[in-house]
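Enquirer: Based on the sequences and whatever the hints tell you, model everything.
Protein chains in written order, with the working numbering: chain A, 56 to 546; chain B, 4 to 488.
Any given hint might turn out to be false.
In silico EDC-like links for lysine to aspartate or glutamate, alpha-carbon gap of 20 angstroms or less [unchecked claim]:
id, chain 1, residue 1, chain 2, residue 2
1, B, Lys124, B, Asp88
2, B, Lys82, A, Asp433
3, A, Lys326, A, Glu364
4, B, Lys139, A, Asp399
5, A, Lys170, B, Asp41
6, B, Lys218, B, Asp193
7, A, Lys406, B, Glu172
8, A, Lys475, A, Glu354
9, A, Lys406, B, Asp146
10, B, Lys139, B, Glu35
Sample of chain A residues facing chain B (criterion: CB under 7 angstroms; computed from the structure) [to be verified]:
id, residue
11, Tyr164
12, Gly263
13, Ser270
14, Arg522
Covered, in the sense of this in silico footprint (three residues per stretch, anywhere, with C-beta under 8 angstroms from a C-beta of chain A), are these stretches of chain B [unchecked claim]:
id, stretch
15, 46 to 55
16, 78 to 85
17, 89 to 101
Calculated directly from the structure, the hints in this document are not laboratory data.
By construction, the Cβ of each residue, glycine as well, lies at the ideal position given by its N, Cα and C atoms.
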Amino acid sequence: MSAAMAAEIHYQTIATLAARLAAGELSAVELMQAVIDRTRAVDDRVRAFNSRDEADALAQAAASDARRSAGEAMGPLDGIPVALKDVIAVEGQPLTASSRMLADFVSPYDATVVKKLRQAGAVLWGRLNLDEFAMGSSTENSAFGATHNPWDLSRVPGGSSGGSAAALAAGEAIATLGSDTGGSIRQPAAFCGVVGLKPSYGLVSRYGLIAFASSLDQVGPFTRTVEDAAMLLQVLAGHDPLDSTSFTAEIPDYRAAVCAGPRSRRLGIPKEYFGAGLDPEVAAAVRAAIAFYAAQGWEIQEVSLPHTEFCLDTYYIIATAEASSNLARYDGIRYGHRSQSAGDVTELYEKSRAEGFGAEVKRRIILGTYVLSSGYYDAYYRRAQQVRTLIRSDFLRAYEQVDALLTPTSPMPAFRHGEKADPLAMYLCDIYTIGVNLAGLPAISIPGGFTQAGLPIGLQLIGRPFREAELLATARNYEQAHDWHQRRPNL
Amino acid sequence: MNYEAVIGLEVHVQIKTRSKMFTRVASGYGHEPNTLTDPVVLALPGVLPVMNKAALDAVIKAGLMLGCEIAPVCKWDRKQYFYPDSPKNYQISQYDQPICLGGAVEIELPGSARNVMGEHKSIPLTRIHLEEDVGKLNHGATDSLIDFNRAGTPLMEIVSEPALRSADEAFAYLTALRAIMVQGGISDCDMEKGQLRCDANISIRPVGQTTLGTKVELKNLNSISFVRDGIAHEIKRQMAVLARGGTIVQETRDYDGQTGASQSLRSKEMAHDYRYFPDPDLMPVQVDQAWKERLRAGCPELPFDRQRRYFTDFQLPYTLTSVLVWDRALAEYFEAAACAAGNDKAQAVGNWIVNDLLRELGQAGLALADSKVRPEQLAELVRLVDTGVLLTGAAKEVFVEMFATGEAPAAVARRRGLEAAPTDAGALEQWCREAIAGNDKARAEFKSGKDSAINAFKGPVMKAAKGKADPKAVDATLRRLLAGD
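Expert: The following block contains the structure:
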């Protein structure tokens, strides 16, 4: 029996479980029950879930088993429990964005990624906590309480997809989905010691993803291995006629490409990503990874992304501008929180939004409203769009010399709850991830070691636009030679 | 002091598409409230817009018909303001790059008489852009209900330059614009259903002054007549204000067509900041030459161009053309019949359509599309009259029968025995003699050189012939007898 087979069911990979389900060693219901049992055992400490519908999940698992015993064609994820960040619409299930504003909202429709998961046979499992409306880097900004890092419950799981990363790290799902606007998949993946992939902008449909910043948001997978990420991406990727910003090209076989290995071996190290504020233990892990690739025969080159210093400012102008507009629909009129003490329609707007939104959401709406105001638009929004073009050009220029970039995912490992009370300190957590969103690139965070204190460290690999296959193969190259991804927290 | 009015119109035209502007749910009017909705229309969390290409086709077609420059890229912006009829609290619209720029609407002012063509003017357009309509609020005593059926319907806004100078010009502008939109199949422009809506910006200034006076926006002008009346009323109101030494306040006023009065809705001192920015959910769409040419091929001839062609090709009188060209189906019916009858018979064809066909349709309460008389049958009727097979009175009877049954004119004439009999020359001469003998006064007048006096004899002759005499033969016989008298 292999090591993976010996692991508890709830900690196995999609690849292993799919094979075991196909071989009849395990039923989907047994798998789902194992995940439910694990979740019941640990989630009062981790608090990854906003809501779970165990009966519904077991019914989906039973349906998968019935399909299998009837000899029907099985999907690539048939019977695999996948839990979703609570910003992805599932018909008949709550959709809260971890906000009071949507505390009682139930979605009447499926997101495109949910439709695709259903077609692939996945069991849709639970709604995962996040920073309200995906605004934050710690999952402390949730109206329903913070999520805890399974490696150290006194610490944050990262954010905004903190629930998605923590649930996976704690064995409460086999894979999860998150969304990444400025690092919201990669940073929590790094903090929780799992794989997190942010696909190229346009690769995965946004239809049914609650919008934070439309030009930056992407849905992506959290998995235990790079191979699992490839399997899940295969299901999620592809053009969607309901999303005008979705990409129309052929989707390659990611799993085959990952197993075949990378075709080229030139790795760039952007010098701007190793500046002040980088934790020495994280820096050491990244340097060790560089040494690993060099030892494997990769050509290592230092590259420069000269506009990196403007990423944070650019991001907080564009993201907040779009957010201020996207969140205007939450007004207490058609659905969502409605103030009971409003006298007229203006008061209804003001009070519903004052009561429904948390502090960070309000801060960003106000900032975004300001930068789009008449007289300020040119100085802020238009300027930010111009700088965004320069930031993307930086990356594309680097890709003339190298095939992927290796950086830290986050400047530091998971921090303690309440440690970053200053919003600006929190924003600085994202300095290595937001450039990728501004440039629309694919990037992955993979487990790259542990600190002395036993906290996971994430490595970020950044690829060329729509070249996820090559990126995943590069990541798998490292993963195969290390066992960080096989370690589990003590819970 | 003499003042002149300066008027610009903002016209909203709902585009006739099967589905809405950014989602697949149906567009329509008169349905149960909130039945034409879906997650996109209601702006539920997570939804995204997808452009309806048919709506973009329609506005480009409108732009081509009006001679606009079509932008090479269709770009979308968000216009942001909070109002309960706007589900997203922003409206997807076009801000700095409207799809159509420039262009003009040709108008005709009232002539000196009904049968006299009036002066033509070209009213330049600023722009046309595409956007989505909002829902409708129904205010009750204690609450307001929202119907989102209209929300998301494709809507184009046609903005004229401030080039109109009177209420009559505004009326003529809207009449022409509406005809073009209807004839282009872009909208039915039914103002009662809100398919065409008009706001007017009105100011006055001393004649000769080039700068503009303070403008007042007039809203809720919900019929073309109300537009004319409302503007006339507003011009008078502004003149009265100035006459008593007052100043015009920039404001929005609501005109009530029933009472003929207006009242201030709000002053414009607090200008709205719509915080426009490009919609990140929608990619700009390239509009290439081939796309434009394909749409241009489907553009019908404009009414005034058609009218000019009728003058030159068919020598039609103004009154006939001014009936035919404002209804595309009628004009096309006319052209088909005129083509079948021959261009020299076009006026006769036109007369039959305008006098007889429209009358019968009106009495029967039918539309032209329901007419059983096909254009080529009408042409055949004209030919039968021209060749003397049917006399005018008989032809009218035949037409009524054709209209009722759809039968061919020759068949009706044969069945009803209405064909003109070859006139018996002896009998005709006898009737003519009797008619001349019975009217000495006319006879004397004719002898003294008044040629038209001959007509006085024709009535009695036709009466004696029971209407079946050939008018040409009657005229010839009378002249021969009078000459030899």
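Enquirer: State for each hint whether it applies.
Expert: Evaluation of the provided hints:
no.	hint	verdict
1	Lys124/B / Asp88/B	violated, 38 angstroms
2	Lys82/B / Asp433/A	holds, 16 angstroms
3	Lys326/A / Glu364/A	holds, 12 angstroms
4	Lys139/B / Asp399/A	holds, 18 angstroms
5	Lys170/A / Asp41/B	holds, 17 angstroms
6	Lys218/B / Asp193/B	violated, 28 angstroms
7	Lys406/A / Glu172/B	violated, 48 angstroms
8	Lys475/A / Glu354/A	violated, 38 angstroms
9	Lys406/A / Asp146/B	holds, 18 angstroms
10	Lys139/B / Glu35/B	holds, 13 angstroms
11	Tyr164	holds, 5 angstroms
12	Gly263	holds, 4 angstroms
13	Ser270	holds, 4 angstroms
14	Arg522	violated, 21 angstroms
15	46 to 55	holds (count 9)
16	78 to 85	holds (count 3)
17	89 to 101	holds (count 4)
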